[in-house]
Amino acid sequence: MRISARADYAVRAALQLAASPDGGPLKAEAIADAQEIPHKFLEGILNDMRRGGLVLSRRGGNGGYRLARPAGEISIADVIRVVDGPLVSVRGVRPPDLSYTGPARSLLPLWIALRSNVREILEGVTLADVAAAELPDSVSALTDAPDAWVNP
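So in numbering that gives the first Met the number 0, spot 68 of the sequence shown is number 67, and the numbers just go up one at a time.
It should be emphasised that the hints constitute simulated quantities derived from the structure, not laboratory data.
Treat the hints loosely; a few may be bogus.
Lysine to any residue pairs mimicking SDA-like chemistry, simulated, CA-CA at most 25 Å apart [to be verified]: (1) K26 x P37; (2) K26 x G43; (3) K39 x G22.
Put together the whole structure using the sequences plus the hints.
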């Protein structure tokens with residue numbers, strides 16, 4: 000699975016909003032500077048997040064962006080889906096829409112299992128969890144595996 004720059008930036012921007020001390024609006028420039036995200040790229044991402052119902056925006060001197068609902072109600076999966084679409088696809092196709100024959104037939108259940116595991120992790124972690132550095136035990140346990148941090 001590959002996490003796009005767009006998805007990474009969106010999650011980081013959402014976390015910056017989640018960590019806003021008073022929940023008040025933050026300017027796009029402030030988010031871009033804090034997370035080292037190219038400002039113009041971030042503007043497009045924030046617009047997608049606004050259209051997707053994750054953030055609210057207000058113009059003016061006291062304007063900016065803020066989360067549309069509490070950080071504990073927004074999963075990492077929600078953010079990724081808004082900016083990138085489905086969490087798992089094969090050649091741009093969702094796994095249930097695929098079919099294979101012969102020795103490749105068991106690929107479909109493999110892709111479905113992969114999607115299920117990705118969903119379980121990304122839907123089970125909220126912006127509040129990450130912002131507070133309190134990942135669910137099931138996720139933390141995965142990082143404790145001996146090979147978790149090693150690139151094969």
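Right, here's what the structure says about each hint:
1. A distance of roughly 14 Å separates the Cα atoms of K26 and P37; the hinted pair therefore holds under the 25 Å criterion.
2. Distance check on the hinted pair: K26 and G43 sit about 14 Å apart at the alpha-carbon level, within 25 Å; holds.
3. Note on K39 and G22: the hinted pairing holds, with a Cα-Cα distance of about 23 Å set against a maximum of 25 Å.
Of the numbered hints stated above, none is contradicted by the structure.
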